[in-house]
Each structure stands twice: as C-alpha cells, then as structure tokens.
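Protein sequence lines, in the order shown, are assigned to chains A and B.
Quick note on the working numbering: the first sequence kicks off at 7 and runs consecutively.
Quick note on the working numbering: the second sequence kicks off at 7 and runs consecutively.
Some hints could be false.
The list treats identical chains as interchangeable, and a pair is accepted whether it falls inside one copy or across any two copies.
Mimicking SDA-like on lysine to any residue, the simulated pairs with C-alpha atoms at most 25 Å apart in a straight line are [to be verified]:
#, residue 1, residue 2
1, Lys-296, Gln-526
2, Lys-296, Asn-523
3, Lys-296, Ala-492
4, Lys-458, Ser-562
5, Lys-458, Pro-539
6, Lys-19, Asp-385
7, Lys-19, Ser-246
8, Lys-296, Asp-484
9, Lys-458, Phe-560
10, Lys-497, Gln-302
11, Lys-296, Lys-497
12, Lys-296, Gly-24
13, Lys-458, Asn-523
14, Lys-296, Val-173
Calculated directly from the structure, the hints in this document are not laboratory data.
Protein chains: 2
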Amino acid sequence: MKALPEWLCHYQKAWLSGDITAGVIVTVMLIPQSLAYALLAGLPLEIGLYTSVLPIVAYALLGSSMTLAVGPVAVASLMTASALQPLAATGTAEYVALAVQLSFLSGVMLFAFGVLRLGFLAYFLSHPVISGFISGSAILIVVGQLKHLMGVTVTGSNMLETVKGLVHALPQTQLVTLTIGLGSLLFLWVARHFMAQTLARMGLSVKMAELMAKLAPMVTVTATTALVAVFHLDQIAGVSVVGHVPQGLPHFTMAVLDPNTLGQLWLPALLISLVGFVESVSVAQSLAFKRQQRIQPNRELLGLGAANVASALSGGFPVTGGFARSVVNFSAGARTPLAGVISAILMTLVIAAFTGLFYYLPHAVLAATIIIAVTSLIDTETLKKAWHYDRADAVSLLATAGGVIALGVEAGILMGVVFSLGVLVWRSSHPHIAVLGRVPGTEHFRNVQRRKVETVPGLLALRIDESLYFANALVVEDRIELLLAADPSIKRVVLACAAVNQIDATALGMLTQMEQNLAQRGIDLALAEVKGPVMDRLCHTPLWTQLQLRHRVFLSLHDAFIQPLPISSNLRDQAFSR
Amino acid sequence: MKALPEWLCHYQKAWLSGDITAGVIVTVMLIPQSLAYALLAGLPLEIGLYTSVLPIVAYALLGSSMTLAVGPVAVASLMTASALQPLAATGTAEYVALAVQLSFLSGVMLFAFGVLRLGFLAYFLSHPVISGFISGSAILIVVGQLKHLMGVTVTGSNMLETVKGLVHALPQTQLVTLTIGLGSLLFLWVARHFMAQTLARMGLSVKMAELMAKLAPMVTVTATTALVAVFHLDQIAGVSVVGHVPQGLPHFTMAVLDPNTLGQLWLPALLISLVGFVESVSVAQSLAFKRQQRIQPNRELLGLGAANVASALSGGFPVTGGFARSVVNFSAGARTPLAGVISAILMTLVIAAFTGLFYYLPHAVLAATIIIAVTSLIDTETLKKAWHYDRADAVSLLATAGGVIALGVEAGILMGVVFSLGVLVWRSSHPHIAVLGRVPGTEHFRNVQRRKVETVPGLLALRIDESLYFANALVVEDRIELLLAADPSIKRVVLACAAVNQIDATALGMLTQMEQNLAQRGIDLALAEVKGPVMDRLCHTPLWTQLQLRHRVFLSLHDAFIQPLPISSNLRDQAFSR
Numbered sequence: 007m008k009a010l011p012e013w014l015c016h017y018q019k020a021w022l023s024g025d026i027t028a029g030v031i032v033t034v035m036l037i038p039q040s041l042a043y044a045l046l047a048g049l050p051l052e053i054g055l056y057t058s059v060l061p062i063v064a065y066a067l068l069g070s071s072m073t074l075a076v077g078p079v080a081v082a083s084l085m086t087a088s089a090l091q092p093l094a095a096t097g098t099a100e101y102v103a104l105a106v107q108l109s110f111l112s113g114v115m116l117f118a119f120g121v122l123r124l125g126f127l128a129y130f131l132s133h134p135v136i137s138g139f140i141s142g143s144a145i146l147i148v149v150g151q152l153k154h155l156m157g158v159t160v161t162g163s164n165m166l167e168t169v170k171g172l173v174h175a176l177p178q179t180q181l182v183t184l185t186i187g188l189g190s191l192l193f194l195w196v197a198r199h200f201m202a203q204t205l206a207r208m209g210l211s212v213k214m215a216e217l218m219a220k221l222a223p224m225v226t227v228t229a230t231t232a233l234v235a236v237f238h239l240d241q242i243a244g245v246s247v248v249g250h251v252p253q254g255l256p257h258f259t260m261a262v263l264d265p266n267t268l269g270q271l272w273l274p275a276l277l278i279s280l281v282g283f284v285e286s287v288s289v290a291q292s293l294a295f296k297r298q299q300r301i302q303p304n305r306e307l308l309g310l311g312a313a314n315v316a317s318a319l320s321g322g323f324p325v326t327g328g329f330a331r332s333v334v335n336f337s338a339g340a341r342t343p344l345a346g347v348i349s350a351i352l353m354t355l356v357i358a359a360f361t362g363l364f365y366y367l368p369h370a371v372l373a374a375t376i377i378i379a380v381t382s383l384i385d386t387e388t389l390k391k392a393w394h395y396d397r398a399d400a401v402s403l404l405a406t407a408g409g410v411i412a413l414g415v416e417a418g419i420l421m422g423v424v425f426s427l428g429v430l431v432w433r434s435s436h437p438h439i440a441v442l443g444r445v446p447g448t449e450h451f452r453n454v455q456r457r458k459v460e461t462v463p464g465l466l467a468l469r470i471d472e473s474l475y476f477a478n479a480l481v482v483e484d485r486i487e488l489l490l491a492a493d494p495s496i497k498r499v500v501l502a503c504a505a506v507n508q509i510d511a512t513a514l515g516m517l518t519q520m521e522q523n524l525a526q527r528g529i530d531l532a533l534a535e536v537k538g539p540v541m542d543r544l545c546h547t548p549l550w551t552q553l554q555l556r557h558r559v560f561l562s563l564h565d566a567f568i569q570p571l572p573i574s575s576n577l578r579d580q581a582f583s584r
Numbered sequence: 007m008k009a010l011p012e013w014l015c016h017y018q019k020a021w022l023s024g025d026i027t028a029g030v031i032v033t034v035m036l037i038p039q040s041l042a043y044a045l046l047a048g049l050p051l052e053i054g055l056y057t058s059v060l061p062i063v064a065y066a067l068l069g070s071s072m073t074l075a076v077g078p079v080a081v082a083s084l085m086t087a088s089a090l091q092p093l094a095a096t097g098t099a100e101y102v103a104l105a106v107q108l109s110f111l112s113g114v115m116l117f118a119f120g121v122l123r124l125g126f127l128a129y130f131l132s133h134p135v136i137s138g139f140i141s142g143s144a145i146l147i148v149v150g151q152l153k154h155l156m157g158v159t160v161t162g163s164n165m166l167e168t169v170k171g172l173v174h175a176l177p178q179t180q181l182v183t184l185t186i187g188l189g190s191l192l193f194l195w196v197a198r199h200f201m202a203q204t205l206a207r208m209g210l211s212v213k214m215a216e217l218m219a220k221l222a223p224m225v226t227v228t229a230t231t232a233l234v235a236v237f238h239l240d241q242i243a244g245v246s247v248v249g250h251v252p253q254g255l256p257h258f259t260m261a262v263l264d265p266n267t268l269g270q271l272w273l274p275a276l277l278i279s280l281v282g283f284v285e286s287v288s289v290a291q292s293l294a295f296k297r298q299q300r301i302q303p304n305r306e307l308l309g310l311g312a313a314n315v316a317s318a319l320s321g322g323f324p325v326t327g328g329f330a331r332s333v334v335n336f337s338a339g340a341r342t343p344l345a346g347v348i349s350a351i352l353m354t355l356v357i358a359a360f361t362g363l364f365y366y367l368p369h370a371v372l373a374a375t376i377i378i379a380v381t382s383l384i385d386t387e388t389l390k391k392a393w394h395y396d397r398a399d400a401v402s403l404l405a406t407a408g409g410v411i412a413l414g415v416e417a418g419i420l421m422g423v424v425f426s427l428g429v430l431v432w433r434s435s436h437p438h439i440a441v442l443g444r445v446p447g448t449e450h451f452r453n454v455q456r457r458k459v460e461t462v463p464g465l466l467a468l469r470i471d472e473s474l475y476f477a478n479a480l481v482v483e484d485r486i487e488l489l490l491a492a493d494p495s496i497k498r499v500v501l502a503c504a505a506v507n508q509i510d511a512t513a514l515g516m517l518t519q520m521e522q523n524l525a526q527r528g529i530d531l532a533l534a535e536v537k538g539p540v541m542d543r544l545c546h547t548p549l550w551t552q553l554q555l556r557h558r559v560f561l562s563l564h565d566a567f568i569q570p571l572p573i574s575s576n577l578r579d580q581a582f583s584r
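Work out the full structure, taking the sequences as your base and the hints as a guide.
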C-alpha cells in the first residue's frame with residue numbers, strides 16, 4: 007500500500023471547485039442527518055456529529071470510491087440500537103461505551119475481511135434478502151419515530167409493543183409538537199417531490215435545482231429551531247428540544263473489549279459489517295460506473311474497516327456509505343474524497359464552535375427528517391420484479407422483511423440468509439435432466455421431448471443441468487434408475503456433463519457405486535463432455551481409470567453416439583430408428 | 007396404500023426357509039445388541055428388548071427394503087443419550103419417558119417427511135459429513151464404554167471430562183471385571199477377523215462360516231454369564247452385572263408431548279431422524295442393488311417413521327436400519343421382511359419368558375460388544391479418498407468428527423452441515439470463466455488459454471461455468487470488467503450460458519445493470535446458448551426484451567461469432583486474425 011492514496015498523488019486543480027462545492031453541500035445535509043441518526047441509535051446527539059469527522063478521513067485514505075459519502079446511516083443506526091438496547095439503558099455512559107465497542111469490532115472485522123480477502127462473505131446476502139431487510143428496517147424506523155412526532159414517551163422492545171404503546175399514548179399527544187412534526191414532514195415531502203421541478207421552472211438549472219431541494223432538511227431545522235426559540239415553545243408548549251449539545255472536539259477513546267461483551271456483540275457487529283459493506287459497494291459501484299471508474303471490493307473493506315475503527319477512536323458508532331449523501335456528493339461535482347475531507351473539516355468547525363445553535367431544535371423535526379429519509383428506502387420495486395421473475399426470491403424478500411418487523415433486525419436477516427441458502431440447495435437438489443437425441447444431419451443434441459431427434463436403441467443419453475454434489479447425488483441416481491426401469495433394453499447410459507461444473511466426493515461415490523451396480527446388470531456407464539476443471543479432479547480416481555480402461559469417456563456426445571454399443575446383436579441395425 | 011404390503015401378497019413358499027434362517031440368526035445377534043444399545047442410551051436394559059419387536063413389524067408393513075433390519079443401533083443410541091442426559095438423570099422414569107417422547111417425535115417427523123415427500127432434507131447431509139459424524143460418534147462411544155470395561159464409575163458431560171475421569175479412576179480399576187471385559191474384547195476381535203476363515207478352513211462353506219462368526223457376541227454373552235453365575239463373581243469380585251430384567255411384555259405407552267419438552271427435543275429428534283434415514287437408505291440401497299431391487303426413499307421415510315412411533319408405543323427409544331444386522335440378514339438368506347417378523351416373534355418370547363437368563367450378564371461384556379461393533383464404523387477410507395479427491399470434503403469430514411468429539415453430537419453435525427454448505431457457496435461464488443475462441447474449421451469453441459483458436463477482434467466470448475446467483479453475481483461482473491479493462495477494443499461481450507443452470511433475481515439485476523453500463527460505454531452485451539429452463543424465466547424480463555430487440559440473443563456461440571459487430575470499421579477485416 008502506498009503512503010498516500012492515488013487520488014491525492016495525482017490531484018488536478020480542475021477538480022478542486024467541484025470537491026469544495028460538494029463538500030459544503032454534503033455538510034449541510036450531514037448536520038441534521040448526523041443528529042437524527044444519533045437519536046435513532048439511542049445516543050446523545052453530539053455522538054452523531056463526532057461520527058461524521060474521522061471516519062470520512064479514514065475512508066478517504068483507504069477506500070477505492072471517489073464519491074462514496076461515509077458516515078452515520080439509518081439502517082446501521084437502527085441495528086446499533088437493536089444490538090445495544092438489550093444490554094444497557096439508552097443514552098447512558100455504558101450504552102455509549104457499548105456503541106464505541108460495536109463500532110470498533112465492526113471495523114476490525116471489516117478490516118480483517120479486507121486483509122484476508124473475505125469480501126465474498128457479503129455475497130451470502132442475496133439482493134432480495136438485502137432489499138427485504140432494508141424495507142423491513144425502514145418500516146421499523148418509521149414506527150419507532152412516531153412517538154417523537156406525537157411528543158409522547160413509548161417504550162417497546164418489539165413492533166407489536168411499540169404500536170400498542172403508541173395507541174395507548176394517543177390521548178397524550180402534544181398538539182404543538184405534532185403540528186411542528188407534521189408540518190416539517192409535509193414540507194420535506196413536498197420538497198422531495200416537487201421543489202426541484204419548481205425551482206427549475208423558476209429558472210435554475212435542473213442540476214442546481216435538484217441540489218437545492220436536498221437542502222430542505224437544513225431549512226426545516228433552521229426554521230423550526232428559530233420558531234421554538236423565538237416563541238419559547240419548549241417552555242410554554244412542552245415541545246421536546248435537543249437541549250444542550252456539548253461543544254468542543256471529542257476525546258480520543260480507546261475501545262476495550264472484554265470477552266463477555268465480545269460474546270454479545272460479535273453477531274450484531276458481523277451483520278452491521280456485512281450489510282454496510284454490501285450497501286456501500288452497491289452505491290459506490292453504481293456511481294463509479296457513471297464515470298467509468300472501478301471499485302475494488304477488498305479495498306472497500308479496508309476503507310470501511312478503517313472508518314469504523316476511526317469512529318470508535320473518536321467515540322462514535324458504526325458507519326457505512328450512505329446512499330442519499332453519496333448521490334448528492336456525486337451530483338454536486340465531487341471528483342475525489344477531498345470533498346469528504348472538506349466536509350469533515352466543516353463538521354469539526356460545527357462541533358468546536360456551533361453546537362449551541364441546536365439547543366432549540368425539536369426532536370419532532372429530527373424524527374420527520376428520519377421518516378422522510380427512510381421511506382425512500384422502502385423498496386416495492388424489487389419485490390414486484392422478484393415476484394414476476396422468481397417467486398422464491400420474492401418469498402425470501404418478504405420473509406426477511408417480515409422477520410425484521412416481527413422478530414427484529416438480527417433474527418430477520420438471519421432468517422433471510424437461511425431461507426435463501428435453503429432455496430439454493432433445494433433447487434439444485436432437483437436438477438433438470440434431459441434425455442437427448444441427435445438433431446438429424448448435425449452433431450447437435452436436444453431434449454427428445456422438445457425436438458424430433460434420432461436416438462440409438464439401447465443407448466440412454468442424459469444431460470444433467472446441475473453440478474453433482476451431496477444435495478442431488480441420490481436424486482440423480484434415482485432418476486437414472488427410473489429411466490432404466492422404463493426401458494429394459496438399455497445397455498449404455500451416457501451422462502453429458504457440459505453443465506456439470508463440479509462433482510464433489512459424495513457424487514463421486516454415487517457415480518462409482520452406480521457404475522458397479524450397472525455393470526452387474528450388464529449396463530455401461532459412460533461420461534461425455536466432461537469439463538477441464540472437473541476432469542482435473544476425476545482423473546486420479548478409480549472410477550476414471552475404470553471408465554478409461556473400457557473406453558467410456560467421450561469428448562463429445564456425438565462420439566458416444568457413433569461408438570458401437572457393448573452388444574453385437576441386431577440392436578445396432580435399428581440405430582437411429584426413433 | 008394397499009392394506010397389505012406387496013411382499014406379503016405375492017409371498018412365495020421358496021422364500022420361507024431363507025426368511026426363517028435369517029430371522030433366527032438375526033435374533034441371536036439382536037439379543038446382546040439390544041441390551042448393549044439400551045446401556046449405551048442410558049436406559050434400563052429391558053427397553054432395548056422392547057425396542058426390538060414392534061418397530062420391526064411396523065417397518066415390515068410400510069418400508070420398501072426387503073432386507074433392512076430395523077431396531078436399536080449404536081449412533082442413534084448415543085444421540086439419544088446425548089439429547090436426554092442434560093434433561094433428566096440416566097435410568098430414571100423421567101429419562102425413560104423422554105426417550106419414548108424422542109422416539110415418538112422422531113417417528114412423527116419421519117412420517118411427515120414421507121407424506122410431504124421431504125426426503126430431500128436428508129441430502130443436506132453430505133457423505134463426508136455423515137462419515138465424519140459416524141466416526142466421531144464411534145470414538146465418543148468407545149471412550150464412553152471404557153468405564154464399564156474397567157468396572158468404575160465416571161461421569162462427564164464431554165470427552166475431556168470423561169477422559170480425565172477415567173485417568174483419575176485408574177487406581178479403582180476392578181481387575182476381574184477388566185479381565186472379563188478385555189477377554190471378551192479379544193475374543194470378539196479374533197472372531198471378527200479370523201473366525202470366518204478358520205471355520206471355512208475347517209470345512210464349513212464360506213457363507214456359513216461368515217454367519218457363524220456373527221454369533222460370537224452371543225457365545226461371549228452366554229459364556230461370561232455362565233462364568234459369573236457359577237463362580238458368583240458378582241458377589242466375590244464385585245463384577246457389575248445386569249441384574250434383574252423385568253419379565254413380561256411391555257405396557258402400551260402413549261407419548262404425551264408438552265410444548266416445553268417439544269422445544270428441547272425437536273432438534274435432536276430431527277437430527278436422529280435425518281441421520282437414521284440417510285444411514286438406512288444407504289444400507290438398504292446397497293443391499294437392494296445386489297438383487298436388482300429398488301428402494302423408494304419416501305416409502306423408507308414412512309417405514310422408519312412408523313417404526314419409531316411403534317417403538318414409542320411399546321415404551322422404546324429411537325430406532326433405525328442397522329448396518330451390521332442388515333448385512334447378516336441379507337447373507338443369511340432373508341428374502342422379505344418376514345425374516346424381521348420372525349425375529350420379532352422370537353424376541354417377544356425372550357421378553358415374555360427368558361429375561362431371567364440375563365441376570366449374571368456382566369456390563370463389561372456388553373461394553374466389549376459395543377466397542378467391537380462401533381470400531382468398524384470408524385471410517386478412515388472415506389477420509390483418505392476425500393483427502394485425495396477434494397481437500398474441502400476431507401476438511402468437512404474432519405471438522406464434523408472433531409466437532410462431535412469436542413462439542414458433542416448435535417453441535418458436531420450442525421457444524422458439519424454449515425461447513426459443507428459454506429464450501430458449496432464459496433465454490434460457486436468463484437466460478438471458472440473461460441475466454442473462448444473457435445477451433446479452426448469447426449463450430450466448436452474452446453478456452454483460448456488451452457487451445458490454439460480463432461477469435462474476432464472486438465468480440466469477447468466468455469463461458470461461465472456456474473449458475474448465476476446471489477453469491478457470484480458480483481464476482482462475475484467484476485471479472486468481466488477486468489477482462490474489458492485489459493482490452494479496450496472490445497465492442498461486444500457474449501456470455502455462453504450452456505453451463506448456467508439458473509439465473510436468480512440478484513444475478514438478473516446484475517446483468518440488467520451491466521447491460522446498461524456497457525451500453526453507455528458503447529459495448530454490447532449478448533447471450534448465447536441459454537437453456538430452455540433459464541430462458542423460460544428470462545423471457546418476461548426487460549433485459550430479455552432489450553437483448554431481443556437488438557438481436558443479441560444467439561442460439562449458439564457460432565451464430566454470435568458470424569454476426570457482424572456493431573462497428574462498421576476496419577476491425578471486421580481483421581476477423582479471425584488471432
């Protein structure tokens with residue numbers, strides 16, 4: 007690894023204006039979001055600000071994306087809250103210490119995965135599982151924020167309890183808080199859906215109009231804070247406000263993991279790491295493609311790992327690449343991670359000198375910011391597509407989302423992973439097997455059920471459309487036996503292995519035994535079109551020696567077709583009669 | 007289902023003598039084994055006898071194997087002990103009641119799997135995992151029996167504690183017990199390895215000699231029981247004997263499952279069911295093949311399910327098809343399950359009238375019987391083969407065996423399953439991808455790195471040797487991008503999909519996005535050799551519409567090769583130059 011990242015070594019002056027603009031705009035977005043996600047994670051709000059400085063710089067040094075905006079995000083914040091709430095009371099020093107440890111552990115894991123090149127672990131999370139997880143989490147988050155909009159206190163360790171609590175608390179709803187909350191929500195919603203086009207119609211360039219629309223949360227925060235401050239709504243109407251946010255830079259924190267905590271935090275840390283990694287890479291990749299840049303997944307692991315360790319060192323909670331801020335960063339003209347560094351510098355300024363400005367910021371406004379941010383994460387499009395394309399994928403998605411909502415984030419995602427692996431194994435355990443015949447006048451072979459083809463009496467040519475391994479070895483054997491039982495004249499079975507990408511030890515055992523069993527009954531087993539990588543393994547086995555010895559390994563199915571069968575009789579004369 | 011099994015409807019007189027001989031010989035083997043496996047399961051010994059009657063009859067009515075000998079076996083007994091010991095004290099009425107419930111639950115599960123045709127669940131257990139599990143269990147069993155050989159009392163919930171306990175107990179070793187135990191062990195070992203050939207040399211037929219050798223355990227039991235009885239070794243030398251075994255038929259027992267017990271027993275019951283099913287089917291199948299009979303896995307599930315429910319009804323513990331007894335049954339000439347029924351009748355006689363004969367039977371002799379029976383289950387052959395054929399399979403085997411020994415039977419087998427699924431996903435997450443060229447003068451395509459082939463400049467033809475799904479979609483995309491980066495002249499990427507057996511929603515998303523990304527860069531994505539089942543799904547997707555519209559779906563790679571590229575320029579003139 008070089009001492010300095012490549013983008014810094016080859017920095018071009020022309021990039022600077024774009025990086026500075028993007029840095030400023032992202033900061034304006036980041037301030038309300040970092041406070042809101044700290045609230046969502048159950049942490050003191052200044053922790054959100056702390057989490058928005060060092061991680062960005064650490065990622066800038068090690069990550070491979072030029073435009074990914076790293077920092078606190080909604081789903082990781084929810085996962086943090088969900089992991090820590092059973093272990094400590096929200097907002098206590100112990101809770102904060104656990105968040106720091108979670109971030110540290112997640113960072114170490116990501117970094118280790120990067121060093122060991124274990125990024126493939128993230129591929130266990132299929133797209134439907136991730137989509138279901140995020141949608142389920144978004145719904146959990148929205149429901150969890152309703153209490154802030156209503157200005158009531160509700161505790162509940164699961165969805166059902168929370169909803170019950172909200173219904174019971176309805177009479178205690180504070181009307182001024184609710185008005186501010188719903189007003190903010192309405193303004194943010196209008197801004198998200200109509201502001202850009204209105205501004206464009208008023209003469210701004212489309213791009214500029216879109217960027218301006220992203221500043222709506224900051225406008226909301228400023229306006230409502232001013233409103234509460236001027237009319238003392240916190241005192242006269244009981245509007246819950248952020249209050250005193252400590253000023254000054256965070257202390258350097260050293261996360262100390264005791265074995266007991268490790269036992270409680272490793273699974274949430276692993277899940278936060280994997281989900282965060284998958285989300286970051288997919289955002290980073292879709293942005294990189296637009297500029298024909300490349301993302302290196304293993305460098306992303308190092309970058310995100312360093313970012314989380316940096317977060318822990320500055321007393322923060324788990325971070326990852328955020329979708330919305332990254333897109334804004336890209337659109338605002340960021341060319342390199344310098345944009346992020348600029349944003350980190352501006353955040354440092356805010357922490358060092360301006361936290362007093364947040365005193366009158368209502369919790370309800372932060373809740374509205376969160377709700378608007380996460381509703382865009384609810385992904386019905388993927389569900390619709392999956393439903394039409396592959397019902398099992400759609401069920402994976404729904405099972406994960408349902409699991410998250412009913413059982414919580416960890417149980418939900420684990421359920422999704424187990425379900426999708428189960429579907430995978432179940433599918434490949436029932437492989438498609440076609441009986442083949444030769445298309446007349448060619449060397450092509452097709453399914454006898456789909457095309458009019460020639461067959462050789464006594465010869466059964468099968469194409470197995472799956473790798474042979476423990477989950478399907480016995481099924482394949484069984485299907486072959488059924489086909490043999492249906493036609494007692496068969497003297498040779500040829501397996502066309504073009505689609506057999508692997509043969510594991512269980513399947514090898516099955517083939518070896520089947521060869522012997524068939525031989526006892528006077529039937530040959532032959533293989534055709536065995537691929538290089540499969541042959542490299544097979545060629546040292548007794549089965550292969552046996553087949554080679556008897557000339558029963560064919561390069562092509564055509565070779566197998568023109569080879570005389572082990573019977574001398576009249577059957578040969580009937581060849582190609584079917 | 008017919009009222010009577012087929013074998014009974016078409017019973018031929020000629021089969022009778024074989025069935026009777028086999029029934030008698032199996033009974034002589036079964037008596038010591040049923041006592042020994044009850045000891046191993048931690049149950050009163052008469053339970054072993056009870057478990058050897060009704061299950062055989064139930065299996066005879068529903069199972070599909072003509073020669074499988076169902077009853078108590080070593081591994082299921084160990085799994086029973088391992089499941090129940092944390093829940094109740096060995097040998098108590100509560101323990102016995104739990105064993106009955108375990109058997110009932112296992113029977114219901116097996117039966118339900120049979121009705122729902124869920125036999126494929128057993129395929130999750132790969133051959134190496136099963137082999138490692140059985141070997142590990144055999145080692146656990148041997149170590150667990152040493153205390154009986156030594157005549158000491160040792161308790162230990164895991165291997166380490168048991169070994170420590172045995173070492174501490176060494177000074178208390180009872181010499182007479184040890185002598186009887188080691189003597190029995192030596193005799194059984196000699197009988198197993200040399201008796202058959204000696205008897206054959208003395209003039210017996212080889213088959214008869216082999217059968218006689220199987221009677222050695224009964225000889226040992228009889229001789230040592232007589233020895234202890236005559237010399238009162240139980241009183242004067244403290245030899246631990248079986249003592250009073252209640253006489254008379256078992257009471258009909260109704261297993262009542264409360265939800266709490268269900269929560270504790272479902273996992274062991276599931277594992278016992280699956281392991282027992284896999285073992286039974288593999289024994290039954292290897293015997294059936296020798297007589298060109300067929301085993302129907304779903305009927306085996308019904309048969310084994312009924313056998314376990316029958317075991318529970320007669321107060322017994324989980325049963326399955328045993329390897330050794332089945333082989334003896336087959337060799338002794340059993341033609342139908344009538345052999346088993348005869349054996350059940352003889353066992354009923356023993357239970358009703360002759361249990362008194364077991365009074366002086368030393369525990370050490372039962373332990374010796376168990377040890378000799380299970381050492382043959384330690385399977386180094388599979389390990390050796392797997393090690394040479396496929397290192398990952400060998401590691402699965404060792405991990406499972408190690409897991410069983412270190413963590414216990416349940417954790418061990420679960421570890422093996424997770425490990426083998428992990429290997430499966432890991433492998434298919436790094437698929438083999440070959441760049442293809444045309445073998446000159448043919449329509450065959452081969453890897454450019456292995457053969458001298460023709461390529462078309464600007465055309466990248468790739469063969470992906472794996473189904474495309476969530477675990478490899480991003481890897482494949484990444485590999486394609488690397489190949490594109492290496493040759494900027496490429497204008498079309500053709501994916502040859504002959505080995506792609508499935509494309510899931512995640513991979514579809516990847517392909518759709520890649521098509522768009524490539525299009526932006528002026529590169530075409532094309533598909534060739536898409537299989538019927540894959541095409542059936544794809545044809546309703548926007549990706550397919552897009553590709554069809556632009557004529558980028560080719561039946562064969564050859565078609566793709568002769569199709570003009572999207573560039574008019576001089577590149578075409580250089581075709582087939584490489």
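Hint numbers not upheld by this structure, sorted from lowest to highest: Hint check: 6, 7, 13, 14 fail, others pass.
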